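Student: Sequence:
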Amino acid sequence: DPKNSTFMGCCSKIICQGCAYANTLRQREESLEPACAFCRHPLPKTQKESEMNKMKRVEVNDPFALQYVGVKHKVEGDHEKAFKYWAKAAELGDAIAHHYLSVSYREGKGVEKDEK
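Taking our numbering, the leading residue of the sequence shown gets 1416, the next gets one more, and so forth.
Honestly, I wouldn't trust all of these hints.
[As the list claims (entries may be wrong)] List of simulated lysine-lysine pairs, DSBU-like, C-alpha gap at most 35 Å:
#1 LYS1531 x LYS1496
#2 LYS1489 x LYS1463
#3 LYS1471 x LYS1503
#4 LYS1499 x LYS1460
#5 LYS1499 x LYS1463
#6 LYS1489 x LYS1531
#7 LYS1524 x LYS1418
#8 LYS1528 x LYS1503
If you are wondering where the hints come from, they were derived from the structure by calculation, not from laboratory data. Please read all numbers here as calculations on a predicted model, not as lab measurements.
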């Protein structure tokens, strides 16, 4: 559930809010710098830095990052751009992107509607 999870732009993993909280507590208790629970990459200090990390993952064709950016474009109303990102992610094997593509075809958003 996107409302209860966080996308880690450094490694393209999703972590639930509870696990993120537990990781934060552990880091505080051990006086550690804030870092990703998966790859231990330092957390970005700004939203701009976070977006740059995500785009780096997109540039290396990370399927999940591509799918994530597609969702972002859909939310912003750019269905054609969303479709483009989902198509690339699906080509790389992302199952969720395949689902989003099927919904796009069914609804005719970002692509011609499939009437079959």
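Student: Verify the proposed pairing of LYS1471 with LYS1503, using a straight-line Cα cut of 35 Å.
Tutor: 15 Å, holds
Student: LYS1499 and LYS1460 were given as a pair; does the straight-line alpha-carbon distance stay at or below 35 Å?
Tutor: 30 Å, holds
Student: Holds or violated: LYS1528 with LYS1503, Cα cutoff 35 Å?
Tutor: 19 Å, holds
Student: Is the Cα-Cα distance between LYS1489 and LYS1531 35 Å or less?
Tutor: 24 Å, holds
Student: Holds or violated: LYS1531 and LYS1496, Cα atoms, limit 35 Å.
Tutor: Distance of about 24 Å is within 35 Å: holds.
Student: Are LYS1524 and LYS1418 close enough, with their CA atoms no more than 35 Å apart?
Tutor: 24 Å, holds
Student: Mind checking the alpha carbons of LYS1489 and LYS1463 for me, to see if they're no more than 35 Å apart?
Tutor: Holds - the C-alpha atoms of LYS1463 and LYS1489 are around 20 Å apart, at most 35 Å.
Student: Between the alpha carbons of LYS1499 and LYS1463, is the straight-line distance 35 Å or under?
Tutor: Holds: LYS1499 and LYS1463 sit about 23 Å apart, inside 35 Å.
Figure legend: structure checked against the earlier numbered hints; every hint is met.
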